[in-house]
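Novice: Sequence:
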Amino acid sequence: MAQQKVVLRISTMTDDRTKQKAMEAVADIYGIDSIAADVKENKMTVIGDMDTVAVAKKLKKLGKVDIVSVGPAKEEKKPDKKPEEKKPEAAAGKKDDKK
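Heads up: the sequence shown is residues 1 to 99, going by this note's numbering.
Please note: incorrect hints may appear among the correct ones.
What the hints assert, rightly or not - Simulated pairs of lysine-lysine, DSS-like, Cα-Cα distance not exceeding 30 Å:
(1) K74 / K64
(2) K40 / K60
(3) K61 / K40
(4) K19 / K43
(5) K61 / K5
(6) K21 / K5
Claimed, not checked - Cβ pair distances, simulated, as ranges:
(7) D15 / P72: 17 to 27 Å
(8) R17 / P72: 31 to 41 Å
(9) S34 / R9: 17 to 27 Å
(10) A56 / Q3: 26 to 36 Å
(11) I29 / P72: 12 to 22 Å
(12) V53 / E24: 28 to 38 Å
(13) D51 / R9: 30 to 40 Å
(14) S11 / V53: 12 to 22 Å
(15) V68 / I29: 16 to 26 Å
(16) D33 / I67: 15 to 25 Å
(17) I29 / R9: 11 to 21 Å
Treat the hints as calculated values from the structure; they're not laboratory data. Note that beta-carbon positions come from the ideal geometry of N, C-alpha and C, so glycine has one too.
Generate the whole structure from the sequences, applying the supplied hints.
Specialist: Printed below as a string of structure tokens:
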């Protein structure tokens with residue numbers, strides 16, 4: 001399986017206590033890399049290589065769960081650093097005198 005991003009709406013997640021319970025319930029599932037919860041919008045975002053149905057089942061114990069979206073997790077693109085080109089030194093002005 002590939003990394004996926006799952007956004008869930010949990011109707012009972014209205015305060016920090018239920019947010020903490022939801023995060024603890026999901027944290028037990030194998031393959032989860034990160035969990036983010038937004039109490040204002042009642043949404044939880046889970047990123048990782050996990051079973052979406054297992055996540056929904058765990059959260060169903062807390063209240064009604066709606067799966068908003070499931071998609072591939074966007075990987076951060078690191079900008080490729082180009083190696084700096086070394087300018088050839090002017091050999092005309094410098095001469096090595098070896099004796």
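Novice: Hint says 12 to 22 Å; check whether the CB-CB distance for S11 and V53 agrees.
Specialist: holds (19 Å)
Novice: Run the distance test for K40 versus K60: straight-line Cα separation, threshold 30 Å.
Specialist: Distance of about 19 Å is within 30 Å: holds.
Novice: May I ask you to test the hint 12 to 22 Å on the CB atoms belonging to I29 and P72?
Specialist: With a Cβ separation near 18 Å, I29 and P72 satisfy 12 to 22 Å, so the hint holds.
Novice: Sort out whether K5 lies within 30 Å of K61, counting only the CA atoms.
Specialist: OK: K61 and K5 at ~21 Å, within 30 Å.
Novice: Please check whether D33 and I67 have a Cβ separation lying inside 15 to 25 Å.
Specialist: holds (18 Å)
Novice: Given a hint of 31 to 41 Å, does the C-beta separation of R17 and P72 actually sit inside it?
Specialist: With a Cβ separation near 32 Å, R17 and P72 satisfy 31 to 41 Å, so the hint holds.
Novice: Just to be careful, I want the Cα atoms of K19 and K43 compared with a cutoff of 30 Å; is the pair within it?
Specialist: holds (10 Å)
Novice: If I claimed the Cβ atoms of A56 and Q3 lie 26 to 36 Å apart, would that claim hold in this structure?
Specialist: violated (18 Å)
Novice: Using the beta carbons of I29 and R9, state whether their distance is inside 11 to 21 Å or not.
Specialist: holds (18 Å)
Novice: Indicate whether the distance between the beta carbons of V68 and I29 respects the range 16 to 26 Å.
Specialist: holds (18 Å)
Novice: Is the distance from the Cβ of V53 to the Cβ of E24 consistent with 28 to 38 Å?
Specialist: violated (19 Å)
Novice: For the pair supplied as a hint, K61 and K40, confirm whether the alpha-carbon distance does not exceed 30 Å.
Specialist: Answer holds: K61 to K40 is near 20 Å, not above 30 Å.
Going through the hint list in order, the structure does not satisfy hints 7, 10, 12, 13.
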